[in-house]
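Q: Sequences and hints are given; from them, build the entire structure.
Number of protein chains: 4
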Amino acid sequence: MTTPLQEEKVFKDPVHKYIYVQDQTIWDLINTKEFQRLRRIRQLGTCFLTFHGAEHSRFSHSLGVYEVTRKIISQFERNKYEDWPREERLLCLCASLLHDVGHGPFSHSIEKTFGTHHEEWSCRIVLGDTEVNQVLRRVSPTFPQQVAGVIAKTYNQEIVVSLVSSQLDADRMDYLLRDAYFTGVNYGTFDLERILRVMRPYQGHIVVKESGMHAVEDYLMSRYQMYWQVYFHPVTRSAEVLLHNIFQRAKHLHEEGFAFRFLLHPLPNLFRQKMTVHDHFLMDEAFMQMVLMQWSFEEDPVLSDLCTRFLQRRLLKYVTLEKIDARQIERLRDQMRSFGIDPDYYLDIDFPSDLSYDVYRPGEQDEKLPILLLDSRDTLTEISRKSEIVRSISGIHMGKYHLYYPRELLLNHADKLDKNLRKLLDL
Amino acid sequence: MTTPLQEEKVFKDPVHKYIYVQDQTIWDLINTKEFQRLRRIRQLGTCFLTFHGAEHSRFSHSLGVYEVTRKIISQFERNKYEDWPREERLLCLCASLLHDVGHGPFSHSIEKTFGTHHEEWSCRIVLGDTEVNQVLRRVSPTFPQQVAGVIAKTYNQEIVVSLVSSQLDADRMDYLLRDAYFTGVNYGTFDLERILRVMRPYQGHIVVKESGMHAVEDYLMSRYQMYWQVYFHPVTRSAEVLLHNIFQRAKHLHEEGFAFRFLLHPLPNLFRQKMTVHDHFLMDEAFMQMVLMQWSFEEDPVLSDLCTRFLQRRLLKYVTLEKIDARQIERLRDQMRSFGIDPDYYLDIDFPSDLSYDVYRPGEQDEKLPILLLDSRDTLTEISRKSEIVRSISGIHMGKYHLYYPRELLLNHADKLDKNLRKLLDL
Amino acid sequence: MTTPLQEEKVFKDPVHKYIYVQDQTIWDLINTKEFQRLRRIRQLGTCFLTFHGAEHSRFSHSLGVYEVTRKIISQFERNKYEDWPREERLLCLCASLLHDVGHGPFSHSIEKTFGTHHEEWSCRIVLGDTEVNQVLRRVSPTFPQQVAGVIAKTYNQEIVVSLVSSQLDADRMDYLLRDAYFTGVNYGTFDLERILRVMRPYQGHIVVKESGMHAVEDYLMSRYQMYWQVYFHPVTRSAEVLLHNIFQRAKHLHEEGFAFRFLLHPLPNLFRQKMTVHDHFLMDEAFMQMVLMQWSFEEDPVLSDLCTRFLQRRLLKYVTLEKIDARQIERLRDQMRSFGIDPDYYLDIDFPSDLSYDVYRPGEQDEKLPILLLDSRDTLTEISRKSEIVRSISGIHMGKYHLYYPRELLLNHADKLDKNLRKLLDL
Amino acid sequence: MTTPLQEEKVFKDPVHKYIYVQDQTIWDLINTKEFQRLRRIRQLGTCFLTFHGAEHSRFSHSLGVYEVTRKIISQFERNKYEDWPREERLLCLCASLLHDVGHGPFSHSIEKTFGTHHEEWSCRIVLGDTEVNQVLRRVSPTFPQQVAGVIAKTYNQEIVVSLVSSQLDADRMDYLLRDAYFTGVNYGTFDLERILRVMRPYQGHIVVKESGMHAVEDYLMSRYQMYWQVYFHPVTRSAEVLLHNIFQRAKHLHEEGFAFRFLLHPLPNLFRQKMTVHDHFLMDEAFMQMVLMQWSFEEDPVLSDLCTRFLQRRLLKYVTLEKIDARQIERLRDQMRSFGIDPDYYLDIDFPSDLSYDVYRPGEQDEKLPILLLDSRDTLTEISRKSEIVRSISGIHMGKYHLYYPRELLLNHADKLDKNLRKLLDL
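Residue numbers (the UniProt record's numbering), protein chains in the order written: chain F, 1 to 427; chain D, 1 to 427; chain P, 1 to 427; chain H, 1 to 427.
Hints listed in this document are in silico derivations from the structure and should not be mistaken for laboratory results.
Be a bit skeptical, because a hint or two may be false.
Any copy, or any two copies together, can satisfy a pair, since identical chains are not distinguished.
Stated by the list, open to error - Pairs of lysine-lysine residues, derived as BS3-like cross-links and limited to a Cα-Cα distance of at most 27 Å, are as follows:
(1) K423 to K209
(2) K400 to K209
(3) K17 to K80
(4) K400 to K12
(5) K17 to K71
(6) K209 to K71
(7) K9 to K80
(8) K12 to K71
(9) K386 to K209
(10) K12 to K317
(11) K400 to K423
(12) K386 to K423
Quick caveat, the model's predicted, so the values are computed rather than measured.
A: Structure follows, in structure tokens:
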């Protein structure tokens with residue numbers, strides 16, 4: 001069981017002004033060591049190297065997701081909507097607070113290299129021997145299982161899963177506003193209050209009143225712009241490429257038996273993909289940044305150079321893939337080898353769609369629940385069937401492919417490079 | 001010599017919208033490893049434990065100070081003010097960009113424990129064997145010396161020092177706006193554009209047109225509010241107390257010859273106060289947070305417990321000192337000792353005024369240059385002589401003293417505690 | 001009786017984002033012709049001649065006051081405070097919506113000239129033969145009387161009067177934020193959400209939790225700045241002086257039997273101070289501005305010139321009264337007469353304190369209810385006894401006296417003017 | 001000739017923070033009676049009946065257009081772009097300030113009824129016997145002609161016309177931001193500073209650097225949203241329909257020789273379409289609103305009722321035209337006649353596209369200059385050929401047709417109305 005707090009607790013938040021905590025369980029979850037650890041994980045990974053304001057943590061974001069969920073539910077309760085299952089309130093709040101608790105530092109690169117997945121880790125933390133688990137079990141012995149079910153999208157009530165993970169969920173609503181605020185761009189702003197007002201629980205779904213269609217269009221356009229301008233920004237991608245190559249190199253060296261100067265626990269477990277929940281706790285972003293700093297002094301010149309580049313923001317340059325063909329890339333690889341620059345670590349093609357490709361595409365690839373409009377005759381229609389603008393955005397091919405290359409290293413060999421490559425690579 | 005960049009470079013900034021870089025020297029300074037390191041130092045130290053949005057770095061702030069200085073100078077140049085020494089432009093810009101480059105992680109606590117000073121470090125970096133120094137020397141062999149002079153406030157042109165360090169300097173104007181933005185409070189907002197417009201170079205001083213007096217009042221009131229509400233917030237101070245005690249304990253253990261599990265270079269040099277510029281570079285906030293994490297597993301129970309508390313935000317509670325007298329505190333120390341809780345590390349009195357006590361106090365304690373109003377008859381008057389509101393604020397005693405104590409540890413011994421102490425400490 | 005609306009109605013509002021209407025009575029009041037008339041009355045009178053953004057109407061402000069009141073009450077109800085008299089909800093909402101319904105165009109000048117008072121008119125509209133009265137009577141036969149009582153501050157429940165009219169009332173909270181928003185100054189911003197959260201009903205008063213003291217200080221400082229920078233701005237005052245003189249002149253001409261070209265009903269009733277509620281309805285700001293336009297073609301040169309000046313914003317210039325003594329002013333009057341410029345209409349001394357002098361002054365002049373702090377021991381203390389900053393602001397003498405004069409008319413006679421007057425008046 | 005002002009003048013503006021005036025000519029133009037008259041014309045006509053904040057004047061907007069133009073030019077000059085014709089600066093500034101000076105009250109309805117056109121009036125004011133003309137002639141005898149040429153888009157320098165009137169002009173950039181600010185919606189916000197930075201003068205055109213394409217997309221999306229959500233809002237359109245019918249009725253009555261109670265000069269000239277520049281000056285929005293008030297007491301029941309409706313915001317209801325076919329509308333007209341409700345004044349179909357249909361449609365209908373992207377090889381491409389999102393928006397059919405009808409009048413005859421009409425019209 002949960003009990004209401006005697007006095008509401010309040011966090012000052014730049015995005016939602018205030019975040020209100022009203023349940024003892026929520027308060028206790030926030031104070032667990034696993035949740036506090038999120039203060040030491042940046043929300044946007046390497047994006048701060050492009051937008052210096054983007055230094056906010058997953059702690060802030062997780063509180064924000066909780067607050068958006070709380071606002072939605074409180075609107076449902078205030079309007080006494082019959083289709084809202086009131087008994088699911090605490091479950092929704094806990095799942096929205098905890099859905100990101102499994103994130104590690106620079107998740108994308110690490111997950112790509114070591115095959116981990118942050119949602120799995122969130123579930124492991126919820127179910128494992130953790131403070132989070134203890135707090136949840138105080139609600140009921142099966143409660144951790146339920147929370148994990150919502151995070152894993154296997155919980156049997158769609159309406160609950162929807163709030164945390166759908167095309168119009170509390171997660172995205174918070175991160176679009178928050179990332180826009182901290183980067184300083186104004187692409188991500190949309191009218192949250194209006195969207196919340198047009199949301200309805202209806203026959204097991206979360207739907208949107210048809211009169212709110214334009215507000216949802218505006219939200220989807222914001223999302224489109226944020227992907228183009230922030231999340232897929234080629235400089236951010238360049239830093240991701242670098243990080244990925246660092247981890248690849250380190251993994252390779254470890255497999256080769258290289259004698260690291262610095263190889264603190266739990267790095268070996270990471271390499272062997274044998275991380276425990278406790279190891280996961282230790283490996284926050286401070287840990288990883290310090291590892292990068294220490295590795296910049298390792299004897300392996302590739303690892304050392306890549307780490308130094310990351311710390312000092314000397315990123316690889318890029319050119320759009322349209323401008324260069326497969327044969328030219330092959331030729332470039334050969335030439336790089338001949339200069340002693342290993343193309344496996346210094347040349348890379350990036351497909352931003354490797355990231356969760358997240359523009360709204362009804363019914364395609366994306367398993368997320370679509371957005372349904374409810375009209376005055378109580379008919380449900382998927383939004384892109386009514387909105388020309390949504391239809392238009394959905395069809396657009398997102399993200400460009402880029403070739404990343406070490407411009408200043410190649411400059412040293414410019415006279416030996418093919419002329420057309422020099423031109424293409426601006427050397 | 002410096003050369004203008006062929007094309008202006010631009011950083012997106014949430015506070016100033018954009019930051020404009022027009023000189024090769026500035027661009028090169030930003031790309032030095034010492035300046036990039038500021039990305040790994042939070043601007044507000046432990047304040048993020050009170051205001052979770054306060055996760056911004058000294059990198060952002062340093063760019064902001066540079067931008068405010070650039071705007072002031074550009075207004076001076078546009079208006080062709082005769083008293084503005086045009087040849088000092090680059091010096092002002094470099095000094096404003098670099099004045100915080102010597103900051104380390106959690107500066108206040110570390111400086112208090114180990115007697116270092118961030119301004120000294122800024123000068124050492126400017127003058128030492130660093131990338132920053134190399135860039136500056138390209139302007140002229142004596143340029144690093146000049147920049148260090150401005151930072152140390154010994155440079156012989158008051159007008160140059162004023163821009164970086166006075167009661168109305170670019171440093172404060174940026175941090176008030178920035179800290180307000182990231183914490184989400186709206187106390188720190190004032191009309192920057194208007195203040196810049198009423199500033200004038202005049203006979204070797206930076207002065208303010210009398211008609212701008214109210215805008216300056218508003219700025220001083222913002223400052224007053226920010227000190228009360230953010231910088232001196234007792235929860236932030238509690239985290240500072242904790243950090244200070246951690247460093248005290250570690251220093252003590254080191255002096256005693258304690259065998260640390262984890263004592264990575266350059267920690268021994270920090271303890272011995274023998275840090276080099278290179279050591280300083282290594283010791284960023286990631287380093288220090290990771291040290292705190294590792295120390296949470298040391299065998300010394302005090303060190304281990306204090307570090308765990310910091311990481312998990314289990315801070316000491318506080319009571320205002322007005323409510324408790326010296327004898328009661330002495331008694332409390334004794335009782336704590338009898339319970340096996342060392343008061344040297346778990347009981348503390350904090351005087352926020354130990355911080356640079358920074359409300360405007362003309363002519364007192366504070367060596368910073370005062371704010372001068374220029375009236376229509378070209379007379380200069382110190383602002384508090386004209387403004388009743390400034391006079392009022394100046395006289396107000398700032399900051400309360402608090403006693404910090406480990407409430408939940410004492411709770412275990414509550415039955416043995418004096419009754420009046422229990423009441424005072426809410427046990 | 002009132003009934004809840006089947007579906008909440010919503011107004012988009014730039015200050016509060018949205019304004020929510022939940023009661024049929026409120027909806028009906030908004031749709032009366034007397035309330036709709038407020039769309040044709042500017043909130044800040046002549047202030048748009050100083051701050052061109054200040055073109056917002058009393059309609060917007062009245063909705064805003066209603067919304068702030070609604071938010072306060074809804075917080076009281078949500079927290080189930082026992083000292084809140086729930087049955088007064090609708091009365092508070094109606095009174096806050098209607099308290100300004102009696103305002104006419106350019107209230108200050110017209111009230112000063114013709115001795116009317118907008119609060120009296122609000123009561124006459126609430127009690128008279130109006131659509132507003134009909135709507136209120138539907139609640140209960142005595143309800144109009146109650147609403148009028150709250151507006152006139154004679155209602156016997158202090159807590160109800162407090163919400164609409166005290167030192168921390170919904171009226172001021174809305175207008176500070178709204179006037180700051182539309183003028184574009186950022187002096188008037190304070191943290192409304194936080195202030196609402198620390199307000200409590202307590203033993204028949206509205207009080208503030210002591211922990212909210214700094215938020216209230218911030219609100220009072222905003223008020224101080226808005227008075228100095230916006231409401232008492234000498235250019236706005238100059239336009240007020242002009243308007244007052246226009247009405248004085250017209251009244252004088254009417255008494256003298258002057259044959260006006262244009263004297264539409266109900267102007268004669270205004271001159272004779274015999275306005276009915278219907279006359280009041282006719283006389284909106286469009287009416288008055290058109291009168292000024294038409295009067296600019298009257299044969300009386302003084303009336304014609306003053307009206308032309310107002311329409312074309314050719315205001316009187318000003319000098320602070322400190323710079324000029326009574327004898328010099330007398331001499332100036334004499335000289336003006338000798339030039340054929342009537343000082344009764346072209347020379348004026350303005351005391352901004354004639355306006356409701358509105359900086360917080362506990363217990364003095366001002367009959368408004370003071371701000372009480374409630375501490376943890378349930379003691380009430382007037383705020384200036386605890387806050388040094390409030391004490392400081394309260395003591396400050398507000399507003400400067402200015403002498404307004406027709407600079408360009410005097411310029412024509414500059415050679416005949418006394419030399420010291422020329423210097424004083426910048427001629 | 002123009003001379004720079006000795007000291008820059010500054011207007012506080014909520015949208016651009018400050019508006020800077022640096023030329024005597026601009027200052028003098030602002031102070032003419034024709035420009036000051038714009039304070040008495042609302043920017044958005046009847047839109048304040050839908051969004052109560054939309055009470056801002058064409059005065060504010062005109063200053064804003066001037067300021068955006070000034071910023072663009074100042075960026076061009078700062079970057080020393082060779083293709084910028086420096087000698088056209090003052091012409092651009094004057095034309096942007098004055099392009100709306102010919103607007104009258106409720107322009108759309110009046111222009112539709114009486115066949116006037118605001119741009120023609122702007123030219124007549126620039127060229128006629130006005131204070132504006134006098135100020136312009138002081139620059140040079142042919143200067144008024146040049147300014148009128150730019151407003152009429154006949155001036156022979158495309159680059160000058162572009163700034164004031166193209167798909168990406170100062171006019172639209174200001175009104176999108178300003179209308180969004182005052183209505184309080186956040187659809188109209190885009191990154192003005194970034195757009196200004198990517199604009200370039202190039203071979204006689206204003207073009208946009210290709211890297212700025214996304215910023216322009218964002219601006220076009222804002223425009224799309226503002227049209228849907230604000231400018232074509234059916235409630236605003238309903239008020240326009242009402243006004244149009246009022247003017248139609250008055251014109252009809254005048255032609256019939258109806259004896260108006262109130263028919264002040266220059267109304268007869270308006271009816272006869274013989275307005276002079278002086279008549280135009282007299283006929284501001286205060287005049288027209290007062291006329292509506294006076295006409296609400298005319299004996300003609302149709303005119304009187306329509307005016308009362310407008311003043312008290314009792315608008316016609318609407319239904320989308322998709323739901324009702326031509327035969328049903330014909331039947332409705334007949335039935336209305338049989339009830340004594342004249343369908344010519346109480347039934348209307350509105351096509352929002354009658355308004356300048358303003359979503360970006362390259363090369364179609366719209367004579368405005370398109371947006372050209374400049375790539376790194378100095379090739380110009382019309383934006384929709386590169387941007388899928390622009391292509392998508394361009395193809396979307398904008399605005400819905402609505403049928404407006406007097407619901408509460410029909411309610412009185414509901415029993416006689418065809419059943420299917422009753423259902424369609426929600427009776």
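Q: All the hints need checking, so say for each whether the structure fits it.
A: Verification of the supplied hints:
1. K423 to K209: For K423 and K209, only the inter-copy Cα distance (21 Å) is at most 27 Å; the intra-copy one is 55 Å.
2. K400 to K209: For K400 and K209, only the inter-copy Cα distance (19 Å) is at most 27 Å; the intra-copy one is 35 Å.
3. K17 to K80: Answer is both: 26 Å inside a copy and 23 Å across each meet the 27 Å cutoff.
4. K400 to K12: Classified as between; 22 Å across copies, 38 Å inside a copy.
5. K17 to K71: Answer is both: 13 Å inside a copy and 16 Å across each meet the 27 Å cutoff.
6. K209 to K71: Result: close both inside a copy and across copies, 17 Å intra and 25 Å inter.
7. K9 to K80: Result: close both inside a copy and across copies, 25 Å intra and 16 Å inter.
8. K12 to K71: both (16 Å within a copy, 19 Å between copies)
9. K386 to K209: within (12 Å within a copy, 35 Å between copies)
10. K12 to K317: between (40 Å within a copy, 20 Å between copies)
11. K400 to K423: For K400 and K423, only the intra-copy Cα distance (20 Å) is at most 27 Å; the inter-copy one is 52 Å.
12. K386 to K423: between (48 Å within a copy, 23 Å between copies)
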